[in-house]
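Model the full assembly from the supplied sequences, consistent with the hints where possible.
Residue numbers (the numbering used here), protein chains in the order written: chain A, 156 to 413; chain B, 3 to 622.
Hints may be right or wrong, so weigh each one.
Calculated lysine-lysine pairs in the BS3-like style (CA-CA distance at most 30 Å, straight line) [stated by the list, open to error]:
1) B/Lys43 / A/Lys193
2) A/Lys193 / A/Lys292
3) B/Lys55 / B/Lys43
4) A/Lys382 / A/Lys229
5) B/Lys101 / B/Lys523
6) A/Lys193 / B/Lys592
Quick caveat, the hints were computed from the structure, so don't treat them as lab data.
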Amino acid sequence: MSTSSSTLAPTTNSVELEQPRSGTWDGGNEPFKASYGKLMMWFFLLSDAFTFAAFLTTYGMIRHRNPVYVGDVKDFEFSTAYWPIPEKVFNAFPGFHGVDLPLAFVALMTMILIFSSVTMVLAVEAGHRMDKNDVQKWLLWTILFGATFLSSQAWEWSHFIGGHEEGTLMSDGTMFHGANLAMNQYGPVLFGDLFFFITGFHGTHVFSGVCLLVWAFIATTNGTFEKRGHYEMVEKIGLYWHFVDLVWVFVFTFFYLV
Amino acid sequence: MAANIPTNAQAQGGIGVSVPHTEHEDHLHHDEHHEQSFISKYVFSTDHKVIAKQFLITGIFWAILGGTLSSLFRLQLGWPEATLEWLTPVLGKWVEAGKLNPEFYLALVTMHGTIMVFFVLTAGLSGTFSNFLIPLQIGARDMASGFMNMLSYWFFFISSVIMFSSLFIETGPAAAGWTIYPPLSALPQAIPGSGAGMTLWLVSMALFIVSQLLGGVNYITTIINLRTRGMSMSKLPLTIWSFFLTAVLGLLAFPVLFSAALLLIFDRSFGTSFFLSDIYIAGQALPNTGGSPILFQHLFWFLGHPEVYIVIMPAMGMVSEIMATNARKPIFGYRAMIGSLLGISLLSFVVWAHHMFVTGMNPFLGSVFMFLTLIIAVPSAVKTFNWLATLWRGNIRFTTAMLFSIGFVSLFVSGGLTGIILGNAALDIQMHNTYFVVAHFHLVMGSSAFFGLFAGVYHWFPKMFGRMMDEKLGYIHFWLTFLGVYLVFLPMHYVGIAGFPRRYYSWTGFDTFSQFADLNKFISVAAILAFFAQFVFIFNFFYSIFRGRRATENPWQSNTLEWTTPVVPGHGNWPGAIPAVYRWPYDYSKPGAETDFIPQNVPFSQTQSSNMPYEREMAD
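In structure tokens, the structure reads:
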């Protein structure tokens with residue numbers, strides 16, 4: 156740099172003193188105080204939220220196209236002519252055959268999943284304290300709850316597929332029990348399709364989450380994260396796990412409550 | 003001239019010592035001296051520059067294929083009576099008794115659209131330049147996750163292989179149009195193209211979306227977390243802003259296409275009825291009830307509309323950068339440029355139903371979407387006026403890249419004006435599904451995005467390969483392409499106004515269209531010539547990689563950080579410390595400055611003669 160041009164101000168020391176600006180968004184730092192891995196997880200979840208939103212919109216639109224049952228709840232019977240009342244479809248509980256327990260089992264499943272979120276929080280918190288034993292303990296609880304949820308869902312599905320004893324008279328004059336992707340005894344064919352598709356897509360997410368948790372548990376046990384000096388991986392999986400829980404709240408609301 | 007500007011090393015010398023290095027700046031720093039095997043250097047590379055070139059060359063492959071397909075169907079449209087026996091060696095059984103098989107014609111149109119929109123102008127354009135320029139222009143060693151970046155390319159590669167292989171199966175590739183509307187696409191018994199070809203199409207697109215997602219989260223995160231010291235969001239080159247918002251659009255729009263594709267896969271293969279209802283086919287009633295094909299259109303266009311901005315916004319960013327550099331003027335309205343990009347991004351999510359005006363949607367909904375659609379003209383016009391004002395009284399250097407940038411603006415204006423007509427729900431009743439629509443989107447997003455792509459390749463070729471592309475061949479390429487594009491698409495508007503429906507195999511059965519047979523022939527000749535003109539570019543590109551004139555560090559005398567790297571940057575980009583940034587990227591022809599450009603890494607203390615009053619304070 157030629158100094159001949161610097162007629163306006165003395166340049167002594169200014170070269171040495173001058174620093175680029177260093178505010179939050181001025182570069183050279185992490186403006187959200189989050190590592191790139193955590194940001195990526197957040198953005199992935201945002202994207203995944205749009206996938207689920209598309210499915211739930213599909214659900215809303217198709218349900219809106221179907222007639223609702225207008226008669227008295229006492230007289231409700233399954234028919235392909237209108238959308239069923241969820242309490243009448245999901246009223247079974249393992250071990251209580253023939254007892255009408257509307258939504259009891261799915262409420263239990265939801266509780267289990269919410270508990271798994273609590274234990275996940277505790278695992279992340281233990282990671283902050285670098286307490287390997289506690290991380291292991293809470294991860295194991297989360298895996299246990301997650302697996303229980305998946306098994307419960309398997310039971311729920313098999314009951315849905317097997318169907319109620321009485322069955323429903325279909326439009327072609329045959330009695331049909333349970334459900335598959337082409338027909339079901341509870342209501343319009345899309346009731347079954349959407350149930351399988353959306354709870355299945357959510358279940359796949361839970362399953363992936365359990366796999367990630369098992370992997371994190373093994374890595375914790377081997378001391379991988381301890382050597383690394385942080386348990387950020389547990390935190391990232393935690394974000395994913397909470398997201399999957401949150402999605403369940405919406406799925407639960409749409410399929411069982413509304 | 004350049005002697006008065008401190009070199010990179012000097013600039014670092016002043017500041018390098020006292021600067022604490024954060025961890026991410028040294029990210030990958032030590033990798034650069036390692037000996038790498040051929041496989042890890044050129045095939046499974048994690049270097050963003052190599053991945054960018056992989057995307058570019060794959061994109062070129064797809065572009066040649068996509069162009070070839072269009073030449074084939076233009077042959078059919080221009081000369082419906084001709085005998086195409088001579089194509090039998092290439093097309094095999096798809097030529098029957100000298101005639102192109104009509105089913106295959108649909109497949110050609112479908113694959114042309116799919117290839118150009120997704121594989122060339124999304125993956126080839128964003129994949130190349132987001133990868134190449136983001137780390138170089140924000141001052142980072144590499145992407146946040148090089149590994150995920152590599153996966154992004156290889157998912158794209160597998161997706162490409164599947165899509166390519168679908169061209170060779172017995173029932174032919176997908177043929178329901180690039181928008182794959184059900185029920186046509188959902189029923190294998192409807193057309194041969196809805197058989198295995200459609201399945202491969204869906205699988206390929208699902209993998210493509212995974213690739214986009216891996217790339218997208220990487221671009222966004224890199225821009226947020228890895229900017230060098232001093233590179234605030236308001237000092238980012240407009241290229242980076244456009245790549246950033248493009249990645250955001252992709253991140254939010256592609257998952258919805260993923261949902262639609264997954265539901266369609268279930269309808270096709272597992273007997274569900276999401277998009278199917280009350281269908282008779284070949285005299286048989288299908289059991290499906292309750293589904294809605296309109297639902298698919300909503301889901302598809304929720305991606306489909308942002309997708310056109312995913313295609314055009316990177317081109318806009320690159321054109322802004324190239325234009326400022328070659329007009330030797332600051333970009334006019336830097337903040338307005340960012341604002342209009344943000345505006346376009348937001349609006350792109352609330353206009354999708356203007357593709358569906360005539361589907362039987364509620365007309366009131368149509369007027370809402372019409373209103374929102376027409377608002378997009380505002381940010382688009384802001385951008386156009388800013389480009390024109392940047393050129394105004396500039397000291398223009400007509401490099402090939404600059405020609406293509408100016409060509410971009412021309413095409414964007416010509417194509418954009420017809421968008422105002424088509425965005426009108428009432429006029430669309432007449433215009434929908436005619437060649438007017440085809441002409442509109444080929445100008446405004448197809449050709450102009452291609453021009454952005456060409457501009458980018460000509461401009462950044464020296465940084466990619468350390469050599470220059472030939473200017474004379476570049477001029478020939480530009481003029482042939484520019485004229486070719488207008489000769490193809492201007493007449494096409496008239497054909498469209500006359501009512502020619504798109505996707506028709508031939509119009510010889512309609513008397514009313516016979517007077518336009520000559521015009522169609524003319525369009526076909528122009529299209530095929532313009533396609534062959536692209537081989538000038540392809541020759542220039544590959545010849546220059548090996549034999550081009552050697553480039554200097556900063557051949558265009560540009561301000562952005564990529565030009566402070568060595569001629570051919572290694573893995574890690576800067577051999578020493580990463581330069582810090584002090585100023586915006588558009589200090590061209592600054593009054594009082596000794597040169598007509600001041601790179602971003604030059605502190606204000608070294609440019610006292612040109613500092614504005616407030617900048618003088620910053621220098622003290």
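Results of checking the hints against the structure:
Between B/Lys43 and A/Lys193 the alpha-carbon distance is near 28 Å, which keeps this suggested pair within the 30 Å criterion. At most 30 Å may separate the alpha-carbon atoms for a hinted pair to count; A/Lys193 and A/Lys292 meet this at roughly 23 Å. A hinted pair counts as satisfied when its Cα atoms are at most 30 Å apart, and B/Lys55 with B/Lys43 qualifies at roughly 12 Å. Of the supplied pair hints, the one linking A/Lys382 and A/Lys229 is violated, its CA atoms being roughly 63 Å apart against a limit of 30 Å.
Between the alpha carbons of B/Lys101 and B/Lys523 the distance comes to roughly 17 Å, so the proposed pair stays at or under 30 Å and holds. A threshold of 30 Å between alpha carbons decides the hint, and for A/Lys193 with B/Lys592 the separation of about 41 Å lies outside it, so the pair is violated.
Checked against the numbered hints above, the structure violates hints 4, 6; every other hint is satisfied.
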